[in-house]
Structure formats: structure tokens, C-alpha cells
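A.B. asks: Go ahead and model the full structure; you've got the sequences and the hints to work with.
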Amino acid sequence: ATLEVGETKNGEGRIAYFDEELKEIIQHQWASRKQNQKMLTFVFYNRKGDDQIKRFDKSWKKACQDAGIGSRLFHDLRRTTIRNMVRAGILEKVAMEISGHKSRSVFERYNIVNGDDLKEAAYKQERYLQSVAGTNSGTIVNFERKKG
6 ATLEVGETKN GEGRIAYFDE ELKEIIQHQW ASRKQNQKML TFVFYNRKGD
56 DQIKRFDKSW KKACQDAGIG SRLFHDLRRT TIRNMVRAGI LEKVAMEISG
106 HKSRSVFERY NIVNGDDLKE AAYKQERYLQ SVAGTNSGTI VNFERKKG
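This note's numbering numbers the first residue of the sequence shown as 6 and each following residue consecutively.
Honestly, I wouldn't trust all of these hints.
What the hints assert, rightly or not - Here are the computed lysine-lysine pairs in the DSS-like style, where the Cα-Cα straight-line distance is at most 27 Å: (1) LYS129 with LYS98; (2) LYS28 with LYS67; (3) LYS107 with LYS129; (4) LYS28 with LYS63; (5) LYS14 with LYS59; (6) LYS14 with LYS28; (7) LYS39 with LYS28; (8) LYS63 with LYS14; (9) LYS53 with LYS67; (10) LYS98 with LYS14; (11) LYS28 with LYS98; (12) LYS53 with LYS28; (13) LYS63 with LYS53; (14) LYS98 with LYS124; (15) LYS39 with LYS67; (16) LYS14 with LYS66; (17) LYS107 with LYS14; (18) LYS67 with LYS14; (19) LYS59 with LYS39; (20) LYS28 with LYS59.
Just so you know, the hints here were simulated from the structure itself, not pulled from any lab data.
C.D. replies: Rendered as C-alpha cells:
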């Protein structure tokens with residue numbers, strides 16, 4: 006999808022690539038529009054299907070209600086996406102380009118560390134230390150304490 010200059014939060018244009026699941030959803034939506042002969046340029050359109058949504062906040066609230074997921078902030082999707090990209094091993098510079106973040110400081114506000122992240126870091130460190138145990142650069146496994 007091409008995001009035109011002036012249509013994004015930071016005002017810059019960029020290209021957004023879809024994963025297979027999102028691609029299928031968009032293709033299904035497009036096929037539905039063709040079948041109904043309603044060829045709008047909007048991804049989200051009003052209930053009648055003849056124009057864009059005027060109050061996205063109301064439509065989002067209704068969609069969350071219909072999905073049975075309670076109250077969710079649409080903006081939380083951006084934070085979740087950034088966290089998922091970083092945890093999937095996508096380079097942070099690439100994640101910043103995808104999300105449109107220009108500065109590292111703003112990006113870091115979205116890349117929130119939680120308890121699971123800290124636990125995973127401890128496991129990774131443990132696995133690493135076990136893999137190098139007994140080498141010059143690893144940990145010393147058995148040692149005797151000096152008395153005194």
C-alpha cells in the first residue's frame with residue numbers, strides 16, 4: 006500500500022507491505038466491493054458502504070464491542086506492532102521506517118520492555134553462559150574458595 010505524502014502521522018509518504026494474512030483480508034474486502042459494485046478508495050467506509058467513516062472513534066468502539074474484546078485504543082495497535090517487530094528480530098531501524106518514527110527517543114516510547122522480556126533475557130544469558138562454560142571467555146564452573 007502506498008501511503009502518500011501528507012497522509013501519514015509524520016507527513017512523509019512510504020510504502021507499507023502486507024503479510025499474507027492482511028493481504029488475504031484486503032483481497033477479500035476488494036472482491037466484496039467489486040461484487041457489490043462499490044469501488045471506494047477508503048479502507049474503512051461507513052455503515053452504508055457509500056462513503057468514508059466520519060467518526061472513526063465511534064466505529065472503532067463498535068468494532069471492539071462486536072468482536073467481544075472490550076475497550077481498546079486503536080493507537081495500541083501501533084505499540085503492539087512495534088513490540089512484535091522488535092521481538093521477531095526485525096532491525097530497529099527497519100521497524101522505525103515501517104512505523105514512521107523519525108527519532109530513536111519516540112520509537113523507544115513504543116518499544117516497551119515488560120516482565121516477559123526480562124525473563125527471556127535471563128534465559129538467553131543462561132543459555133549463552135552454558136554454551137561457553139569451561140572456555141576462557143566463559144564462566145568458571147567449579148572453583149574453590151580461599152579460606153581466610
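A.B. asks: For each hint, tell me whether it holds in the structure or not.
C.D. replies: Here is what the structure says about each hint:
no.: 1; hint: LYS129 with LYS98; result: holds, 23 Å
no.: 2; hint: LYS28 with LYS67; result: holds, 24 Å
no.: 3; hint: LYS107 with LYS129; result: violated, 30 Å
no.: 4; hint: LYS28 with LYS63; result: holds, 25 Å
no.: 5; hint: LYS14 with LYS59; result: holds, 18 Å
no.: 6; hint: LYS14 with LYS28; result: holds, 23 Å
no.: 7; hint: LYS39 with LYS28; result: holds, 16 Å
no.: 8; hint: LYS63 with LYS14; result: holds, 20 Å
no.: 9; hint: LYS53 with LYS67; result: holds, 15 Å
no.: 10; hint: LYS98 with LYS14; result: holds, 18 Å
no.: 11; hint: LYS28 with LYS98; result: holds, 24 Å
no.: 12; hint: LYS53 with LYS28; result: holds, 24 Å
no.: 13; hint: LYS63 with LYS53; result: holds, 15 Å
no.: 14; hint: LYS98 with LYS124; result: holds, 24 Å
no.: 15; hint: LYS39 with LYS67; result: holds, 25 Å
no.: 16; hint: LYS14 with LYS66; result: holds, 21 Å
no.: 17; hint: LYS107 with LYS14; result: holds, 11 Å
no.: 18; hint: LYS67 with LYS14; result: holds, 24 Å
no.: 19; hint: LYS59 with LYS39; result: holds, 23 Å
no.: 20; hint: LYS28 with LYS59; result: holds, 25 Å
In this structure, only the earlier hint numbered 3 is contradicted, and the remaining ones agree with it.
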